[in-house]
Amino acid sequence: MDLLEHQGKRLLARHGLPVSPGRLASDVAGAVAAAEQLGYPCAVKAQVPTGGRGKAGGIRLASDREQARAHAEAILGMSIGGHAVQSVWVEAGAQVARELYAAVLLDRGARSPMAILSARGGIDIEELAASEPGAIARLHVDPLLGLQDFHGRLLAVRAGAPRELLGPLASVLRGLYRVFASEEATLVEVNPLAVTADGSLLALDAKVTLDDNAAFRHPDHAELRAQLPRDPQEAMAAERGLTYVKLDGEVGILGNGAGLVMATLDLVAQVGGRPANFLDAGGGSKADAIEAAVEVILSDEKVRAVLFNIFGGITRCDEVARGLIEAHRRLRPRVPFVVRLDGTNDREGRELLRAAGLEGMHVEETMEAAARRAVALAGAQASARLKAVLL
Amino acid sequence: MSILVDRQTRVVVAGITGREGRFHALANRRYGTQVVAGVTPGRGGSDVEGIPVFDTFAEAIEATDADTALLFVPARAAADSILEAAEAGIALVVAITEGIPAHDELRVLSALRLRGGVRLIGPNCPGVLSPGKANVGIIPPSFFSAGTVGLVSRSGTLTYQIGSELDRRGLGASTIVGIGGDPVPGSTFIDILDLFEADPETELIVLAGEIGGEAEEQAAAHIAQRISKPVIAYIAGFTAPPGKTMGHAGAIVSGSRGGAEAKAAALESHGVRVARSPAAIAELAGELAMQAVPP
Chain H
1 MDLLEHQGKR LLARHGLPVS PGRLASDVAG AVAAAEQLGY PCAVKAQVPT
51 GGRGKAGGIR LASDREQARA HAEAILGMSI GGHAVQSVWV EAGAQVAREL
101 YAAVLLDRGA RSPMAILSAR GGIDIEELAA SEPGAIARLH VDPLLGLQDF
151 HGRLLAVRAG APRELLGPLA SVLRGLYRVF ASEEATLVEV NPLAVTADGS
201 LLALDAKVTL DDNAAFRHPD HAELRAQLPR DPQEAMAAER GLTYVKLDGE
251 VGILGNGAGL VMATLDLVAQ VGGRPANFLD AGGGSKADAI EAAVEVILSD
301 EKVRAVLFNI FGGITRCDEV ARGLIEAHRR LRPRVPFVVR LDGTNDREGR
351 ELLRAAGLEG MHVEETMEAA ARRAVALAGA QASARLKAVL L
Chain G
1 MSILVDRQTR VVVAGITGRE GRFHALANRR YGTQVVAGVT PGRGGSDVEG
51 IPVFDTFAEA IEATDADTAL LFVPARAAAD SILEAAEAGI ALVVAITEGI
101 PAHDELRVLS ALRLRGGVRL IGPNCPGVLS PGKANVGIIP PSFFSAGTVG
151 LVSRSGTLTY QIGSELDRRG LGASTIVGIG GDPVPGSTFI DILDLFEADP
201 ETELIVLAGE IGGEAEEQAA AHIAQRISKP VIAYIAGFTA PPGKTMGHAG
251 AIVSGSRGGA EAKAAALESH GVRVARSPAA IAELAGELAM QAVPP
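Taken in order, these protein sequences are the chains called H and G. The first sequence lines up with residues 1 to 391 when you count with the numbering used here. The second sequence lines up with residues 1 to 295 when you count with the numbering used here.
Just so you know, these hints were derived from the structure itself, not from any lab. Here the structure is a predicted model, which is why all the values come from computation and not from measurement. The beta carbon of each residue, even a glycine, is placed where N, CA and C say it ideally should be. A couple of the hints might just be wrong.
Residues of chain H placed beyond 10 Å of chain G at every Cβ, according to the derived structure [unchecked claim]:
| id | residue |
| --- | --- |
| 1 | Asp2 |
| 2 | Arg65 |
| 3 | Gly109 |
| 4 | Phe150 |
| 5 | Arg174 |
| 6 | Leu224 |
| 7 | Gly257 |
| 8 | Leu265 |
| 9 | Ala292 |
| 10 | Arg322 |
| 11 | Arg334 |
| 12 | Ala356 |
| 13 | Glu359 |
| 14 | Glu368 |
Here are the in silico distance ranges between beta carbons for each label pair [stated by the list, open to error]:
| id | chain 1 | residue 1 | chain 2 | residue 2 | range |
| --- | --- | --- | --- | --- | --- |
| 15 | G | Arg19 | H | Gly109 | 35 to 43 Å |
| 16 | G | Ala58 | H | Gly109 | 53 to 61 Å |
| 17 | G | Arg19 | H | Arg98 | 57 to 65 Å |
| 18 | G | Pro200 | H | Ala222 | 51 to 59 Å |
| 19 | G | Asp55 | H | Asp142 | 46 to 54 Å |
| 20 | H | Arg98 | G | Glu283 | 53 to 61 Å |
| 21 | G | Gly117 | H | Pro133 | 42 to 50 Å |
| 22 | G | Ala58 | H | His218 | 42 to 50 Å |
| 23 | G | Asp80 | H | Ser200 | 56 to 64 Å |
| 24 | H | Arg332 | G | Ala224 | 40 to 48 Å |
| 25 | H | Ala130 | G | Arg19 | 31 to 39 Å |
| 26 | G | Gly32 | H | Pro133 | 29 to 37 Å |
| 27 | H | His218 | G | Ser256 | 28 to 36 Å |
| 28 | H | Asp220 | G | Asp80 | 21 to 29 Å |
Taking lysine to any residue pairs in the SDA-like style, the calculated list, with each CA pair at most 25 Å apart, reads [said to hold, decoys possible]:
| id | chain 1 | residue 1 | chain 2 | residue 2 |
| --- | --- | --- | --- | --- |
| 29 | G | Lys244 | H | Met1 |
| 30 | G | Lys133 | H | Met1 |
| 31 | G | Lys244 | H | His362 |
| 32 | G | Lys244 | H | Glu301 |
| 33 | G | Lys133 | H | Lys286 |
| 34 | G | Lys244 | H | Ala84 |
| 35 | H | Lys207 | H | Ser131 |
| 36 | G | Lys133 | G | Ser254 |
| 37 | H | Lys207 | G | Ser254 |
| 38 | G | Lys133 | H | Lys302 |
| 39 | H | Lys302 | G | Glu20 |
| 40 | G | Lys229 | G | Ser254 |
Starting from the given sequences, assemble the full structure and let the hints guide the process.
Dropping the structure here:
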């Protein structure tokens, strides 16, 4: 779960890290009231769970009431990286002398926590890593030990930070590690970490990703999740306990197992179609489970055909077929279904589907044939880019 | 031979009194695997169709000489169970459990690294199958016959799909290893590649990767330096959008990192051929197997 800036800052503040006072507003009047209360200058900042807000014009400085109003009007409703801006964070301005970068994250390559510090803050860290790898100091941390003060000092020295900041930086890095470990985050990034005119440190931004698998240990995180904007279809799927990701194509896809579903999406793209979604139905073969999944797929009005791709291991294909037939009869879908069953009792499953004689139900034996049939039925236009990449 | 599990493997199943644990423990035993014990705290002294149940791993090992643990315990208890198994002297832990918090996995991995001598497969994986010898996990064994292909994958059903396509072309497997779809797996592609390299029975290695992390890129470099046997690969997730978790907790493209194109490019740049569909990789394996047969 990627938090919004103000949510991340709330977690930072909880663990003793320095952040500026601010207020959240979801309309222009609220933003102006917040600015009036905080005083000027203040920053009006789009709250969307993505980077590149500054470049997109989603972060602006206001020096009076009229500017605060104009900025809030411009930013609210703006679209940044596909996210509509539904709220702004109005934050007190700060006197910034220089900008640093600090983060603690799960380094998947090393399968270990890693702390990062750079004296070159405020810019894209991936670009910096490519152009000036020496400007970024990194250090792996044993999760059984945690980040110690000396780790922080070591990073500060390696990053070339001024000597008077060794202590304060070690303290901030320990704070970031506390957020990472206590809140069970996979990323806690502050960019920029400001050095203010009076020499103190201040987190001007916060990018926090929380581990969804740890949600059961953090009941207070449910409130953060509830505040996040969510695609309506994805919300509907989550309520039904389904793993669903909305895409923007015409071929609805349902399969069992994340890897197989991804492979199905890729195959649809290879034969010139565009997947409408990712949906992993898991091992469920009952009509109710299939019906719940199909309803989610069909709630996307762009879907022109639905492709079922099942490999029956423990789940038997004849059971899946029975569930599918029952679900199909109940739902009477408006679009054609292409079903491909492989694995345990696949022949029996295909026979059942053929014998049921359902309108718009097509049975195929291979993934390739099923993908081609579904794409043809959807009448989807080839996505030239993906085709070029995949073929 | 085979890797990780064979006829000598003695399995203790944690969570054997639960629905999943019971079902698969009995299925593994039917396959011929030596399932010698179960562990469920509070249920010691009972049995599951003749398999004795103990309260602790220590008692189970004491009584049965089990050397391999198969875990079906709930996510919130899984880290505890892995550490208990390791401390009791288990050499191989196969963790099927899905949904273990990443920080638990980080702590467990650090503890296992300090201890040494314990290999963890998974979590969030289908387990390990050496056809004709032993099945430790939930891989449906009926699609696989014994042979010379080593298959290692981050996925479940996709592995079965690839494995059954291979089998249809007459290509059996030495061992099938699911390393799991989590961000912090106990074993990586590299670990399993090394085992296949050392296994005299394995002649061809099939690697099935997916988006997220950099395990495939690391494997590519390792293959070029250390693996003499032919390796071919498949990568799932070319159509995955950035920032979205595609089912597996570890299957996510983060910004410009972890995408399928970069993984395929890394493998190909190190001489590993990358097939674009499960059927295509089986065809490729078939071609290589034909070439390997002396005229």
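We went through each hint and held it up to the structure:
no., hint, in the structure
1, Asp2, "violated (7 Å)"
2, Arg65, "holds (36 Å)"
3, Gly109, "violated (5 Å)"
4, Phe150, "holds (19 Å)"
5, Arg174, "holds (17 Å)"
6, Leu224, "holds (17 Å)"
7, Gly257, "violated (3 Å)"
8, Leu265, "violated (4 Å)"
9, Ala292, "holds (17 Å)"
10, Arg322, "holds (19 Å)"
11, Arg334, "holds (25 Å)"
12, Ala356, "holds (24 Å)"
13, Glu359, "holds (29 Å)"
14, Glu368, "violated (6 Å)"
15, G/Arg19 - H/Gly109: 35 to 43 Å, "holds (37 Å)"
16, G/Ala58 - H/Gly109: 53 to 61 Å, "violated (35 Å)"
17, G/Arg19 - H/Arg98: 57 to 65 Å, "holds (59 Å)"
18, G/Pro200 - H/Ala222: 51 to 59 Å, "holds (53 Å)"
19, G/Asp55 - H/Asp142: 46 to 54 Å, "violated (31 Å)"
20, H/Arg98 - G/Glu283: 53 to 61 Å, "holds (58 Å)"
21, G/Gly117 - H/Pro133: 42 to 50 Å, "violated (36 Å)"
22, G/Ala58 - H/His218: 42 to 50 Å, "violated (32 Å)"
23, G/Asp80 - H/Ser200: 56 to 64 Å, "violated (42 Å)"
24, H/Arg332 - G/Ala224: 40 to 48 Å, "violated (55 Å)"
25, H/Ala130 - G/Arg19: 31 to 39 Å, "violated (50 Å)"
26, G/Gly32 - H/Pro133: 29 to 37 Å, "violated (53 Å)"
27, H/His218 - G/Ser256: 28 to 36 Å, "holds (29 Å)"
28, H/Asp220 - G/Asp80: 21 to 29 Å, "holds (24 Å)"
29, G/Lys244 - H/Met1, "holds (10 Å)"
30, G/Lys133 - H/Met1, "violated (42 Å)"
31, G/Lys244 - H/His362, "violated (31 Å)"
32, G/Lys244 - H/Glu301, "holds (21 Å)"
33, G/Lys133 - H/Lys286, "violated (33 Å)"
34, G/Lys244 - H/Ala84, "holds (17 Å)"
35, H/Lys207 - H/Ser131, "holds (23 Å)"
36, G/Lys133 - G/Ser254, "violated (40 Å)"
37, H/Lys207 - G/Ser254, "holds (13 Å)"
38, G/Lys133 - H/Lys302, "violated (49 Å)"
39, H/Lys302 - G/Glu20, "violated (38 Å)"
40, G/Lys229 - G/Ser254, "violated (32 Å)"
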